[in-house]
Amino acid sequence: MVLVILVSACSHRDHQELTTIYDRNWFNTNKEHSLRDPEDKPLPHLFFDVDPQFVKSDRSANVVIVTPYRSPYAYSLDLPSGQRYFTHSYCAQKDVWKKEDGLFGSPHFSIAYLPRVLDQLGNPHRVIVFGNAKREQPLLDLNYMRVRMVGAYVENICPEGNCVDRNTWLSRLVFIAVDAADHDYDSVNSLKSFKRKVKWELIKPELENMDGRNPYGEFVTPAVRVRKLLSFNSSFEYFQKRSILFTSEEMKKVQLGCHRLYEKFWNDVGVEKPEDALAKTTVDLEAKLKARAESRRKKLPVGFAARFRQFITTYYSEMKTCDKFVYHGNINANPEKFWFLSYMGIFLRLHADGYYFDCSRDAWTRNEISSDGKPQYNFIQEIYECSERDIDLAMKNLQPFLKEINKTETRKYRFVDYDMHPFGTHQKVYDWTHYKLNRFECSENMNENMLEKLSIMPEEAPWLKREPTDKAYNSKIIY
78 MVLVILVSAC SHRDHQELTT IYDRNWFNTN KEHSLRDPED KPLPHLFFDV DPQFVKSDRS
138 ANVVIVTPYR SPYAYSLDLP SGQRYFTHSY CAQKDVWKKE DGLFGSPHFS IAYLPRVLDQ
198 LGNPHRVIVF GNAKREQPLL DLNYMRVRMV GAYVENICPE GNCVDRNTWL SRLVFIAVDA
258 ADHDYDSVNS LKSFKRKVKW ELIKPELENM DGRNPYGEFV TPAVRVRKLL SFNSSFEYFQ
318 KRSILFTSEE MKKVQLGCHR LYEKFWNDVG VEKPEDALAK TTVDLEAKLK ARAESRRKKL
378 PVGFAARFRQ FITTYYSEMK TCDKFVYHGN INANPEKFWF LSYMGIFLRL HADGYYFDCS
438 RDAWTRNEIS SDGKPQYNFI QEIYECSERD IDLAMKNLQP FLKEINKTET RKYRFVDYDM
498 HPFGTHQKVY DWTHYKLNRF ECSENMNENM LEKLSIMPEE APWLKREPTD KAYNSKIIY
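Each number in my numbering corresponds to the 1-based position in the sequence shown with 77 added.
No lab work stands behind these hints: they were computed from the structure.
For each residue, glycine too, the CB sits at the ideal point set by N, CA and C.
Heads up, simulated DMTMM-like pairs for lysine to aspartate or glutamate below, C-alpha to C-alpha not over 20 Å straight-line:
#1 Lys401 x Asp430
#2 Lys530 x Glu486
#3 Lys484 x Glu525
#4 Lys489 x Glu237
#5 Lys350 x Glu413
#6 Lys513 x Glu237
#7 Lys513 x Glu525
#8 Lys133 x Glu314
#9 Lys367 x Glu349
#10 Lys376 x Asp345
#11 Lys176 x Glu283
#12 Lys480 x Asp435
#13 Lys513 x Asp496
#14 Lys473 x Asp439
#15 Lys505 x Glu536
#16 Lys530 x Asp496
#17 Lys473 x Glu544
#18 Lys118 x Asp218
#19 Lys305 x Asp172
#20 Lys505 x Glu413
#21 Lys171 x Glu295
#22 Lys305 x Glu177
#23 Lys542 x Glu465
#24 Lys330 x Glu395
#25 Lys276 x Asp178
#26 Lys375 x Glu363
#27 Lys397 x Glu327
#28 Lys473 x Glu537
#29 Lys272 x Asp259
#30 Lys329 x Glu395
#31 Lys341 x Glu395
#32 Lys375 x Asp353
#33 Lys171 x Glu518
#34 Lys376 x Asp353
#35 Lys176 x Asp288
Pair ranges (Cβ atoms, derived):
#36 Arg147 x Ser447: 45 to 51 Å
#37 Asp439 x Lys329: 41 to 47 Å
#38 Asn526 x Asp449: 38 to 44 Å
Let's have the full structure, built from the sequences with the hints guiding it.
Okay, structure coming up:
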């Protein structure tokens with residue numbers, strides 16, 4: 078289950094077409110953990126189904142466009158499902174750094190990423206692409222494109238609050254590329270020729286402002302800072318040393334390992350056992366007591382909460398990795414398994430993201446960092462205090478807690494089935510998405526109203542309660 082980090086240049090294959098249709102291999106591996114269309118065919122995975130074929134000699138690579146040139150709306154990639162989804166609207170804002178005049182809104186470039194490659198922050202490796210402004214959005218979920226890299230820049234990101242005074246910026250490399258099929262950019266092969274073609278002094282403040290700024294009490298502070306331009310050779314060297322490339326072998330190993338782990342989680346924890354069955358009669362009760370006694374004799378955990386504690390104690394780290402990269406379940410093949418793995422996924426993700434459900438107070442809360450730099454709540458230790466009732470209550474309180482987070486914090490969570498609102502991609506996602514949405518200072522900010530209208534929870538399937546409710550649960554004979 079350990080993710081081995083290997084970084085290498087891919088072998089070069091001749092490309093007859095510069096815009097190419099996806100293969101559909103990733104979701105064709107295991108139907109039990111697959112995202113499929115109405116005809117039961119696997120959907121393309123926009124991260125794993127494309128080979129980047131990043132060739133240093135001619136600076137070419139395949140990229141996937143997430144947000145096209147001058148789009149009024151921003152989109153992101155959900156890694157497990159491999160689908161694009163709407164995150165926010167752009168709007169015209171003044172320069173948060175107060176260095177440039179004018180207003181800055183939607184980008185004068187396309188926002189893309191290198192498939193199968195993670196940047197220094199563990200996210201899909203970003204590329205901004207110039208050229209071919211007429212590319213149609215509906216094609217973005219069907220085609221990837223070939224680009225020519227001309228350089229890069231280091232982007233500083235402030236995760237929250239004020240980083241200007243505290244210098245708590247996070248850094249990642251972002252490549253600059255031109256569309257290899259756009260003849261207007263045929264002469265752009267280097268950083269020098271790029272700067273002759275593109276007014277970087279206008280692009281830089283666009284990058285620093287288009288996605289909003291950080292709230293800081295009643296004020297706002299910069300959320301993004303763009304550093305100086307880097308040549309292709311120096312940026313490629315940095316890329317090789319500090320980025321993560323999934324090779325085909327690693328992809329298969331991670332996917333297979335996660336599929337096995339999900340199956341074990343479902344079979345060992347999620348599937349109802351004889352000891353869980355509702356006892357409606359004396360015969361049922363006797364069978365249930367016998368099953369519990371047999372489990373104890375074999376020194377196995379008894380009951381859902383005990384099975385969950387044992388599994389998570391052993392596999393918590395692996396589950397966090399799998400939840401980030403590998404889709405769990407198949408809503409069409411086994412809805413019960415899908416929803417179990419889905420709800421457990423957001424439960425574990427919230428704990429990994431710095432929140433926890435306090436079983437002693439029956440409430441979700443933020444996991445504060447103590448003076449020694451460690452979280453005050455240790456999930457692996459404290460989960461032993463949680464019963465089936467507590468886990469059911471955590472799921473019941475999930476919606477109001479996420480609603481409060483989405484209202485007060487820049488990190489947002491919501492379950493996307495089909496991204497079907499007016500600005501959405503209309504793609505099938507069926508996954509819990511999480512993304513950062515900063516504050517916007519515009520004459521008309523559509524994002525707050527839009528966020529209120531978007532659903533947070535799955536509307537078709539609530540959490541299946543796990544607390545025993547029959548007379549066997551209340552019988553002292555069991556204990």
